[in-house]
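> Position one of the sequence shown corresponds to residue 1 (the working numbering), numbered consecutively onward.
Take these hints with a grain of salt, some might be off.
[Said to hold, decoys possible] Here are the computed distance ranges between Cβ atoms for each label pair:
| # | residue 1 | residue 2 | range |
| --- | --- | --- | --- |
| 1 | SER52 | HIS222 | 34 to 42 angstroms |
| 2 | LEU39 | ILE187 | 30 to 38 angstroms |
| 3 | PRO119 | GLY87 | 40 to 48 angstroms |
| 4 | TRP72 | GLN178 | 14 to 22 angstroms |
| 5 | PRO167 | GLY74 | 15 to 23 angstroms |
| 6 | GLU150 | THR226 | 30 to 38 angstroms |
| 7 | PHE51 | HIS222 | 28 to 36 angstroms |
| 8 | SER91 | GLN178 | 29 to 37 angstroms |
| 9 | PHE50 | THR160 | 51 to 59 angstroms |
| 10 | PRO119 | TRP72 | 18 to 26 angstroms |
| 11 | TRP68 | ASN97 | 43 to 51 angstroms |
| 12 | GLY87 | SER253 | 57 to 65 angstroms |
Since the hints were derived computationally from the structure, they do not count as laboratory data.
Think of the CB as a built atom: it goes at the ideal place given N, C-alpha and C, for glycine as much as any other residue.
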Amino acid sequence: MSDFYKRLISSIAGILLSADSLWLLLQNKIHLGILLPLLIGVLLIIYALFFSYFQQWHQHSRFRSSVWKWMWIGLFTWVASVLIFFGYIQSNINSDNTQLPTKAILVLGSGIENNRPSPTLQKRLDTAADYAQFHPEALIIMTGGLSFQEKYTEAEVMQTYLKQSYPAVRNLVAMEDQSTSTELNLINSKKILNRHQITLNDPITILTSDFHSIRARAIARHQGYTQVISISAETPLYIRYNSWLREYFAFLSGWLLNEY
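Using the sequences and the hints, build the whole thing.
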């Protein structure tokens, strides 16, 4: 590939990554799936602007040339692993399990904004309302504790949204309002299930976002849930791939911490 196209591709990729991340930051979204693309985007723009300098720097030393080559190999290998993970998420999206019997529906929290469900959480709740129509006798458990600088817990906000937006949903709703992670969502929900005579051997649905289903299902099985049914809610497009990227690292972290 010619130097011109290397600079052009780096510039376009850098500008797109940076612009997307900056726009999301302006929407008060901040997590690794946003900050990392911003960092990569800025580095690509710098590379394009000072392309000649970088070329001279690594070409004048065999050692630096080797480091430069392996740096790019490492970057492309990592990008390939991210794309493979994205494909894995896509192939594991579950939305066609509505007919399977279930005793309880655990809706996992995903952040609130100004005492309202975030767009991602709203998608989960909308999906939960549709799913509950097929299982009117199932217990619904809203899970999520108090977020930073928020007045109400996620579980409270989720319950309020469901009642106000879907009055036709008549399922019994319980709240698990102490947790701050997926692992705690599932641990604390066990007590609520037990109070309603639902065991971990009963079919239990875990409803979360598409990117989160794989990890949530794995954590649940690790904790003793034996008949896990996964239902995936679509992640809003504007934040989808940033959320999937964050999940890439969360998945690795969960594996290292022996959550599965």
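> Against this structure, judge whether each hint is valid.
The hints, checked one at a time:
no. : hint                                : in the structure
1   : SER52 - HIS222: 34 to 42 angstroms  : violated (53 angstroms)
2   : LEU39 - ILE187: 30 to 38 angstroms  : holds (34 angstroms)
3   : PRO119 - GLY87: 40 to 48 angstroms  : violated (24 angstroms)
4   : TRP72 - GLN178: 14 to 22 angstroms  : violated (46 angstroms)
5   : PRO167 - GLY74: 15 to 23 angstroms  : violated (54 angstroms)
6   : GLU150 - THR226: 30 to 38 angstroms : holds (34 angstroms)
7   : PHE51 - HIS222: 28 to 36 angstroms  : violated (48 angstroms)
8   : SER91 - GLN178: 29 to 37 angstroms  : holds (34 angstroms)
9   : PHE50 - THR160: 51 to 59 angstroms  : holds (53 angstroms)
10  : PRO119 - TRP72: 18 to 26 angstroms  : violated (36 angstroms)
11  : TRP68 - ASN97: 43 to 51 angstroms   : holds (49 angstroms)
12  : GLY87 - SER253: 57 to 65 angstroms  : violated (20 angstroms)
The earlier numbered hints that this structure contradicts are 1, 3, 4, 5, 7, 10 and 12.
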